[in-house]
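Novice: Listed below, chain by chain, are the residues.
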Amino acid sequence: MDKIKVLVAKPGLDGHDRGAKVVARALRDAGFEVVYTGLRQTPEQIAEAAMQEDVNVVAMSILSGAHPHLFPKVVNLVREKGMKDTLIIGGGVIPEGDIPALKEAGIAEVFTPGTPTTAIVDFIKANVK
Amino acid sequence: MSNEKIKAELEKYEAAVAKVVAKNPERAHLPEQRLYTPLDIKGVEAYTDEIGFPGEYPFTRGVQPTMYRGRFWTMRMYAGFSTAKASNERYRYLIANGGTGLSCAFDLPTQIGYDSDDPISEGEVGKVGVAIDSLADMEVLFDQIDLGKVSTSMTINAPASVLLSMYIAVAEEQGVPADQLRGTIQNDILKEYAARGTYIFPPKPSMRIITNIFEYCSKNVPKWNTISISGYHIREAGSTASQEIAFTIADGIAYVDAAIKAGMDVDDFAGRLSFFWNAHNNVLEEVAKFRASRRVWAKVMKERFGAKKPKSMMLRVHTQTAGSMLTAQQPNNNIIRVALQTAAAVMGGTQSLHTNSRDEALALPTQESVTIALRTQQIVANESGLADVIDPLAGSYYVEAMTDRIEKEAWDYIKKIDELGGAVAAIEKGYIQKEIQDSAYKWQMDVENKRRIIVGVNEYTMEEEPPKGLLKVDASVGVEQCKKLADLKAGKPINKMTKGRDNEAVKAALAELKDACKNEKENLMPHILKAVKTYATLGEICNVMREVFGLYEAHVSL
Numbered sequence: 001m002d003k004i005k006v007l008v009a010k011p012g013l014d015g016h017d018r019g020a021k022v023v024a025r026a027l028r029d030a031g032f033e034v035v036y037t038g039l040r041q042t043p044e045q046i047a048e049a050a051m052q053e054d055v056n057v058v059a060m061s062i063l064s065g066a067h068p069h070l071f072p073k074v075v076n077l078v079r080e081k082g083m084k085d086t087l088i089i090g091g092g093v094i095p096e097g098d099i100p101a102l103k104e105a106g107i108a109e110v111f112t113p114g115t116p117t118t119a120i121v122d123f124i125k126a127n128v129k
Numbered sequence: 001m002s003n004e005k006i007k008a009e010l011e012k013y014e015a016a017v018a019k020v021v022a023k024n025p026e027r028a029h030l031p032e033q034r035l036y037t038p039l040d041i042k043g044v045e046a047y048t049d050e051i052g053f054p055g056e057y058p059f060t061r062g063v064q065p066t067m068y069r070g071r072f073w074t075m076r077m078y079a080g081f082s083t084a085k086a087s088n089e090r091y092r093y094l095i096a097n098g099g100t101g102l103s104c105a106f107d108l109p110t111q112i113g114y115d116s117d118d119p120i121s122e123g124e125v126g127k128v129g130v131a132i133d134s135l136a137d138m139e140v141l142f143d144q145i146d147l148g149k150v151s152t153s154m155t156i157n158a159p160a161s162v163l164l165s166m167y168i169a170v171a172e173e174q175g176v177p178a179d180q181l182r183g184t185i186q187n188d189i190l191k192e193y194a195a196r197g198t199y200i201f202p203p204k205p206s207m208r209i210i211t212n213i214f215e216y217c218s219k220n221v222p223k224w225n226t227i228s229i230s231g232y233h234i235r236e237a238g239s240t241a242s243q244e245i246a247f248t249i250a251d252g253i254a255y256v257d258a259a260i261k262a263g264m265d266v267d268d269f270a271g272r273l274s275f276f277w278n279a280h281n282n283v284l285e286e287v288a289k290f291r292a293s294r295r296v297w298a299k300v301m302k303e304r305f306g307a308k309k310p311k312s313m314m315l316r317v318h319t320q321t322a323g324s325m326l327t328a329q330q331p332n333n334n335i336i337r338v339a340l341q342t343a344a345a346v347m348g349g350t351q352s353l354h355t356n357s358r359d360e361a362l363a364l365p366t367q368e369s370v371t372i373a374l375r376t377q378q379i380v381a382n383e384s385g386l387a388d389v390i391d392p393l394a395g396s397y398y399v400e401a402m403t404d405r406i407e408k409e410a411w412d413y414i415k416k417i418d419e420l421g422g423a424v425a426a427i428e429k430g431y432i433q434k435e436i437q438d439s440a441y442k443w444q445m446d447v448e449n450k451r452r453i454i455v456g457v458n459e460y461t462m463e464e465e466p467p468k469g470l471l472k473v474d475a476s477v478g479v480e481q482c483k484k485l486a487d488l489k490a491g492k493p494i495n496k497m498t499k500g501r502d503n504e505a506v507k508a509a510l511a512e513l514k515d516a517c518k519n520e521k522e523n524l525m526p527h528i529l530k531a532v533k534t535y536a537t538l539g540e541i542c543n544v545m546r547e548v549f550g551l552y553e554a555h556v557s558l
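Residue numbers (our numbering), protein chains in the order written: chain A, 1 to 129; chain B, 1 to 558.
Be aware that one or more of the hints could be misleading.
[Claimed, not checked] Okay, derived cross-link-like pairs now, EDC-like style, lysine to aspartate or glutamate, Cα gap no bigger than 20 Å in a straight line:
hint, chain 1, residue 1, chain 2, residue 2
1, B, K42, B, E89
2, B, K302, B, D267
3, B, K442, A, E109
4, B, K450, A, E96
5, A, K129, A, E96
6, B, K468, A, D2
7, B, K489, B, D118
8, A, K73, B, D474
9, B, K450, A, E80
10, A, K125, B, D179
11, B, K472, A, D98
12, A, K73, A, D29
13, B, K496, B, E9
14, B, K434, A, D29
15, B, K219, B, D179
16, B, K472, A, E96
17, B, K85, B, E173
18, B, K308, B, D117
19, B, K533, B, E504
20, A, K73, B, D117
21, B, K219, B, D268
22, B, K309, B, D474
23, B, K219, B, D267
24, B, K416, B, D268
25, A, K73, B, D118
26, A, K73, B, D257
27, B, K521, B, E285
28, B, K468, A, E96
[What the hints assert, rightly or not] Selected chain B positions facing chain A (in silico; Cβ < 7 Å):
hint, residue
29, L108
30, I390
31, D404
32, N449
If you are wondering where the hints come from, they were derived from the structure by calculation, not from laboratory data. If you're wondering where the values come from, they're calculated on a predicted model, not measured in any experiment. Glycine is no exception: its CB is placed at the ideal position from the N, C-alpha and C atoms.
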């Protein structure tokens, strides 16, 4: 396939984007094309950006605890736009116990604090369609 | 002993070390210089100008003459989650257990000026802090807490004027006059643009609101710290120690400039400016950072702004241990990290301290974890001896040399930011954000390449059971909060109100506030206070301000 294109997104009101920016930069250094949304994106805005930018991957970060609400919403909106194969992943301060429900909702993988960026790169390479 | 003699002996030592190191190399990734001597610090003749005495210019050794020999720092635990009622219980628990000041964490909708029933608030209500929609919530938050006795810090920035007004109104209901209130609002919008993200309005109206608060409080709430100029979040976003104090002091310069331009005398407000530092992992570097920051600020205030009162030159600081250094892996190890960070803050001479809890890389802390964090401060205070002598590390060749180094790096950055047109311009150009991002990326790569070892993360790892007993904020909080808000807006009495709010009075107060927003000469504080007392909601008040002031457009860069 062509160069893998990733949308790094910050859904919700959370302003902590150290992780999102570090991951975005690491993905870029790994040879991906990366678009970063900036802060405070609604699920609708993220899905719209994913379609406009025609990305292969949507990578979201939330540290505020709003992930059970916002992650599944993004998945649904992206799928509604007909992007069936887009790989959607998430990260942030996400308790272990919340992960099964997020995966059930269509988040392909959840990366928690301490994850090396290489693990995210490897996961995308192995799973992107 | 003369410097020449030391130099000669040092050369002999280095020659000997070179042979040892050739045979047995030192560990990798160490700072270049292995040993500090009198050659690395200024001579005794510089002592009074550069180091001096506690409570005296340039305050390198601390802002009070007796420091912790008089009393310990304020043990101020940052707390707030879920509803006002749940947070009120946590506050009263902390006070009962020896906490000596309150520190309120608000949820994100509150911090960005939205009501809990705003669609944008969905999923965020009560999550990272307590949800406050109106004065009614604030009354519950401080129920049975005497605002005449406690000092309260509020982590609130863009809508700081509104939350402070609510606090003043609750105090009034308790019979405590505003001039008796003690506490702090964070009120530092520049670091929100650069590092923390809870901005609302563009820089110009934001700086006006901040200046309005300085002016209002200098006359009406004189014991209140009107701003907490914060390096904490800049550091959390990834900056170095020097960048933390440099960018923060540059922000401080912008606030002082704005207030002077608005016609205030520097000595009328500068004594109420306070700061907020991070206590990070490298203990000695942190101590040097605290010391250097006091010296830089003192010089800025005296030399640049011509302040006359010593109080105006004092960098008084609240500290929090570094949240970003907590690990999700082997979370009990965080207790040790926090203890070391506490030691750094205390040897650095902080005025108040929040210690993080071991489980905060995973969730909000449980009561048990918070208790350990508070006890950590009490152990350092009472058992370690670190609080018994003032500025105990002064005179350490290493710490003094590092204090000088950090000071110099800070001045270099301040000069660069001046050249860019000051902190506001530097943020609008994305310069400060870029510097922070570069440092954050370097840190991450150092960890991934093991140039930096984090115990339990990239070394000494082990298989762990998923942690149990984490605090969970129920999703029903949002529902409950929205129901309460619907009742309030419908004019039904809630809490202890005997009658519901008068919606006509709310409308009139909001219209008055809107006019005031349009008149740049008008101080907004009295109008906001008036609106708050009608039980106008935070969202209603901020919406009026949004209509007039517009929204900040962030500079997005990678």
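Novice: Now, for every hint given, state plainly whether the structure supports it.
Specialist: Against the structure, the hints:
no.	hint	result
1	B:K42 to B:E89	violated, 52 Å
2	B:K302 to B:D267	holds, 11 Å
3	B:K442 to A:E109	violated, 25 Å
4	B:K450 to A:E96	violated, 26 Å
5	A:K129 to A:E96	violated, 27 Å
6	B:K468 to A:D2	violated, 44 Å
7	B:K489 to B:D118	holds, 13 Å
8	A:K73 to B:D474	holds, 19 Å
9	B:K450 to A:E80	violated, 43 Å
10	A:K125 to B:D179	violated, 62 Å
11	B:K472 to A:D98	holds, 11 Å
12	A:K73 to A:D29	violated, 29 Å
13	B:K496 to B:E9	violated, 77 Å
14	B:K434 to A:D29	holds, 17 Å
15	B:K219 to B:D179	holds, 9 Å
16	B:K472 to A:E96	holds, 12 Å
17	B:K85 to B:E173	holds, 18 Å
18	B:K308 to B:D117	violated, 49 Å
19	B:K533 to B:E504	holds, 13 Å
20	A:K73 to B:D117	holds, 18 Å
21	B:K219 to B:D268	holds, 9 Å
22	B:K309 to B:D474	violated, 50 Å
23	B:K219 to B:D267	holds, 13 Å
24	B:K416 to B:D268	violated, 29 Å
25	A:K73 to B:D118	holds, 17 Å
26	A:K73 to B:D257	violated, 45 Å
27	B:K521 to B:E285	violated, 45 Å
28	B:K468 to A:E96	holds, 10 Å
29	L108	holds, 4 Å
30	I390	violated, 35 Å
31	D404	violated, 29 Å
32	N449	violated, 10 Å
Violated hints for the displayed structure, listed by number in ascending order: 1, 3, 4, 5, 6, 9, 10, 12, 13, 18, 22, 24, 26, 27, 30, 31 and 32.
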